[in-house]
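K.L.:
Top to bottom, those sequences are chains D and W.
Residues in the first sequence are numbered from 1 upward in steps of one, following our numbering.
Residues in the second sequence are numbered from 1 upward in steps of one, following our numbering.
One or more hints might be untrue.
[To be verified] Here are the computed lysine to aspartate or glutamate pairs in the EDC-like style, where the Cα-Cα straight-line distance is at most 20 Å:
1) Lys15/W - Asp36/D
2) Lys34/W - Asp59/D
3) Lys15/W - Asp45/W
4) Lys34/W - Asp20/D
5) Lys15/W - Asp38/D
6) Lys15/W - Asp37/D
[Said to hold, decoys possible] Over the 10 Å line for every Cβ pair with chain D, so calculated as not near, a few chain W residues:
7) Tyr9
8) Gly35
9) His53
10) Thr72
Just so you know, these hints were derived from the structure itself, not from any lab.
Remember, predicted model here, so these are calculated numbers, not experimental data.
Virtual Cβ for every residue (Gly too), placed ideally from N, Cα, C.
These are the residues of each chain, in order.
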Amino acid sequence: MTRRLPRILCNVATRVLPADRRSWADGMIAELSHADDDRAALTFASGCLLAALRERARDADTHVLAALWTIAVVTAFYAVVQLICAVRGVAVLFGAHDGMLNALLRHGASSVVIANYEAARPIVVACFVALGVAQLATAWFLSRGQIRAFATAWCIALVIAGIAVAIQLSIIPNSTGVPSEFHALLMQAVAVPALLALLHRRHRHFQER
Amino acid sequence: MVRSTEWRYGYDLTKEIGLQSGTLYPVLMRLADKGLLESAWHESDRPGAPARHAYRLTHAGVAFASANIDATASMQGGNKPMPA
């Protein structure tokens with residue numbers, strides 16, 4: 001056996017360790033030359049990689065980044081759902097089967113409600129497209145740590161979701177059992193700021209420790 | 001504690017203490033963060049080998065270690081079974 005594998009493990013440990021621990025990583029690599037034999041070097045290097053992973057898991061900046069990415073991924077998931085709805089909406093505009101219309105009929109909607117719904121359909125589809133794009137932008141800016149751009153995209157998405165819910169409520173005041181945009185509005189208005197506030201609190205707590 | 005002010009190296013410490021490097025290094029990093037451990041680069045005594053990262057307890061570290069050793073000793077003394 002050569003010292004190649006231990007050296008690779010220590011190099012990986014160097015990359016895994018936070019930047020402010022760089023001297024420790026260099027110290028670990030230097031120690032490899034002093035290991036008694038190849039087996040001891042491998043054991044030592046494996047431990048160094050484990051230590052690097054532990055340090056990375058404790059790093060406050062890594063926690064913040066991971067949390068931002070988690071929120072961004074969830075937001076992106078919602079954006080994809082909105083865009084899928086938009087694609088299906090476009091298909092409906094071109095004559096495909098309309099599940100929403102069926103739901104309204106099942107719930108005994110009047111002909112006036114149906115007529116209003118059909119009239120508002122292009123606007124609702126446009127809302128889906130705009131909301132999907134705005135949420136994708138929100139997720140993108142959040143993952144890049146561009147908080148000002150994120151806040152702008154978040155406000156735009158909130159307004160669009162609000163418009164979508166207002167349109168729905170104006171057409172169908174009693175929406176029990178009918179798919180709603182309310183969850184998107186709720187997520188925009190409450191979930192994202194709540195998660196960011198929690199993240200900010202935890203980050204401050206980390207820094208104060 | 002006899003050699004507490006000597007410079008020591010990571011690999012040597014794993015052998016002396018019997019701790020794996022995966023456990024030892026995070027402890028050393030914590031101690032350094034709290035100002036209980038200082039580090040420096042020393043030339044290696046092996047020709048061609050890179051400089052080694054050396055560690056030793058600071059004065060605060062020595063005081064901290066002494067206090068912990070005393071506390072542990074007094075706890076162990078207190079737990080000794082009473083003679084029959």
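K.L.:
None of the hints should be skipped; say for each whether it holds.
P.N.:
Each hint tested on the structure:
Restraint check for Lys15/W and Asp36/D: satisfied, since their Cα atoms lie roughly 10 Å apart, inside the 20 Å limit. Pair hint Lys34/W plus Asp59/D holds up; C-alpha atoms about 16 Å apart against a cutoff of 20 Å. Our distance criterion of 20 Å between C-alpha atoms is met by Lys15/W and Asp45/W, whose separation comes to about 18 Å. Between Lys34/W and Asp20/D the alpha-carbon distance is near 15 Å, which keeps this suggested pair within the 20 Å criterion.
Among the hinted pairs, Lys15/W with Asp38/D is consistent with the structure: their alpha-carbon atoms are about 15 Å apart, no more than 20 Å. Note on Lys15/W and Asp37/D: the hinted pairing holds, with a Cα-Cα distance of about 13 Å set against a maximum of 20 Å. Its closest Cβ contact with chain D, about 6 Å, brings Tyr9/W to no more than 10 Å, contrary to its assignment away from the interface. Chain D leaves Gly35/W outside its interface by the beta-carbon criterion, the shortest separation being 15 Å against a cut-off of 10 Å.
The Cβ of His53/W does not lie farther than 10 Å from every Cβ of chain D; its closest approach is about 3 Å, which violates its non-interface assignment. Against chain D, the non-interface label of Thr72/W holds: every CB pair exceeds 10 Å, the least being about 25 Å.
Comparing the model with each numbered hint stated earlier shows that hints 7 and 9 do not hold.
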